[in-house]
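Produce the entire structure from the sequences given, and follow the hints as far as they go.
There are 2 protein chains.
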Amino acid sequence: MLTALKVSPLAPKGGFPSLPNINGVTFSTISAGIKYKDRTDLMLASIVPGSTIAGVFTQSATRSASVLDCQKKISVSKNEGKGFAFLVNSGNSNAFTGKNGQNAVDEIIRVTTETLKIPNTHIYTSSTGVIGEPLPTSKITKSIGKLHETLSPNKISDAAQAIMTTDTFPKGATAEVMIEGEKIKISGIAKGSGMIAPDMATMLVYIFSDVKISQKILQKHVSDLSSITFNCITVDGDTSTSDTLLVAATGQSNMVEITSTRSAASKAFKIALKAVMLDLCHQVIRDGEGATKFVEVSVVGAISKKDSHKVAMSIANSPLVKTAIAGEDPNWGRIVMAVGKSGAQADRDKLKIHLGSLLVTENGWVSPHYSEKKAAEYMKNRNIVVTVDLGLGKHSTTVWTCDLTHAYIEINADYRS
Amino acid sequence: MLTALKVSPLAPKGGFPSLPNINGVTFSTISAGIKYKDRTDLMLASIVPGSTIAGVFTQSATRSASVLDCQKKISVSKNEGKGFAFLVNSGNSNAFTGKNGQNAVDEIIRVTTETLKIPNTHIYTSSTGVIGEPLPTSKITKSIGKLHETLSPNKISDAAQAIMTTDTFPKGATAEVMIEGEKIKISGIAKGSGMIAPDMATMLVYIFSDVKISQKILQKHVSDLSSITFNCITVDGDTSTSDTLLVAATGQSNMVEITSTRSAASKAFKIALKAVMLDLCHQVIRDGEGATKFVEVSVVGAISKKDSHKVAMSIANSPLVKTAIAGEDPNWGRIVMAVGKSGAQADRDKLKIHLGSLLVTENGWVSPHYSEKKAAEYMKNRNIVVTVDLGLGKHSTTVWTCDLTHAYIEINADYRS
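Listed in order, the protein sequences are those of chains P and Y.
Residue numbering for the first sequence is 4 to 420, as defined by the working numbering.
Residue numbering for the second sequence is 4 to 420, as defined by the working numbering.
With a straight-line cut-off of 25 Å between C-alpha atoms, the simulated SDA-like cross-links for lysine to any residue are:
| no. | chain 1 | residue 1 | chain 2 | residue 2 |
| --- | --- | --- | --- | --- |
| 1 | P | K102 | Y | L395 |
| 2 | P | K376 | Y | P139 |
| 3 | Y | K149 | Y | S160 |
| 4 | P | K308 | Y | Q62 |
| 5 | P | K38 | Y | D332 |
These are calculated hints, taken from the structure and not from any lab test.
Here it is as structure tokens:
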């Protein structure tokens, strides 16, 4: 089925971006035959001793064994003068496979520890793919030696390819920032296309930097930024059992370690990290299953942050709004409906809706300046911006989504066959 | 567009049921040309003096002018020895039309009061159709005289037809119950097909009975039953701005008035009323936009009622679950996902999932007795029952939904053209 998928019409035109190597990180990939033959489906990232690791994970109550294992490790993550590893497979999520799940993780980590000579608490695994099928553990464990032998600093694009499932293009993003005269680099990769309504983290995302930063500050930055990047995207309102975002800072650059959120270096790094995270999450939406439109929903004027998020997500998850956008129909009545049902405080008569720069509603009805013809013209764009001003307060949220098309139904009506 | 719609494959085989006349209620309908020519789009129900009226309405923050007006009236509903009227139009929802909305309602009620000689506080209006277009009020007001002249006790099926929008079949249900040797009759009609995720009440529903009952008890029964009938269905998770359920009890039967919830008569009537409400809400789901499967989701073993409702609605609103059902794919991994994302307390290892009578998962994984072949066979049925036992407590909820198909996208990608 996957081979039949065409590349998303919203795929980046230039293809996969050129990501700079990060000092202290090497990658390798292999076709382990986990679900399909001759498809790269396993990747290893090896990270030098002295690095710090931060992460955020799905809040699903049925999260996978890998996620549970990673969460335990992140909370006690210490720099013990040993290296770290990320080992990720596609083709099988190892979620909801009973005791098999933890057994598989344990066995994979045991072999990786032996092969890479690093502590088992330094090994983070992720699995993505079908839920509920036992992971073919031995296909993974017998590939680890080969992965170890073929590690190379310039294989991050192969790694982005290896973690894809229903994705139609690999996702990567990079940023650079000057700190203390030193060029700090960030390179990140992600996968994700369906089951996207992350709760805390999302999908699979791996970001690497040569920044020197304490684990505490790195974790704080990653958590803060998740709430305004990956937690603000939705393809279908469905939350994965495997969502994982891991960030590794190798500290290989010549700079003083960041140990406070207030320093100029910390702020500069955070801005660069945000750019990478935002770029990756937008790529996930552009590859949303069946997507033909990239949609930004901005809600301003809410009485609380929670309310602005509620309204934005209510619009972004509304099947009626999403099908209207697919049909290039400026059906703003459905936006009003989605505001109304959100549970947030709203006043019909204070609500202002814009499509792009076109004012659509004001004073509880369609604006006298509104032109259906211009709005219909605007809806033909690939990038659509919906702005809702609740007119009640000062809080705002921006989220990103895609339209709901026939292709989404096609992709999902018989995914497993 | 509407004329192109085929009748839902889940439409009742026998067509519209034969509904008994209710003593004290007369109906009339007319083609007022509100949106389309030569289509019945306006109905009047006239209800005798001495009746009691109860109702529940959408909780949307952008609810329509009619809904706001009805809500005001229900809370002060008194039996003043005068008749009541329900006046309902399809083709235009009169929602989000600014001051025009309330002006239209005021004008319609003024003319109805003059024509029917009943107090304006006794007139309940509803409007359903496109959001945001001004109601052609004069088309309605000039039809009221004709509606008044043509009232008849046996036109309830015409009324069911007049309130349809994207519905592919009219919806009606009836029940009888013996109270004090008297046969008490209930006849109800409903419309609804998309934008169905009622919050408090749903869509448009009108139920009539000759029961003799106090307003307080009738309202209590209707509110109680809404929470286990109309508040437990979802087509697309989108909540209408116009949802209205009105129940009129004419008291024309020879029985002592019900004034307590504890009496045998009250309990008997409530059971019959529930049957009618449940039947109507199931018909709405069977006519869900694009539906090919009627799906019951039962969640048991939750630690609270709230949790069981959360899990059931999370499954019933999941696009991934709904597309799998459309594809007749027993993809239970997506049910696990939907349990996980619901926010309710769940323990992966205690979760049991059944498809029909087939045990699918237990002990945190697929059951050893599970047969994918049998499950795939089961998914070919038109009626699908998903049962989730959380294994944690004693609370349960049952909700109803339909699958998500190409036809839903077709119907909604360009509804307004």
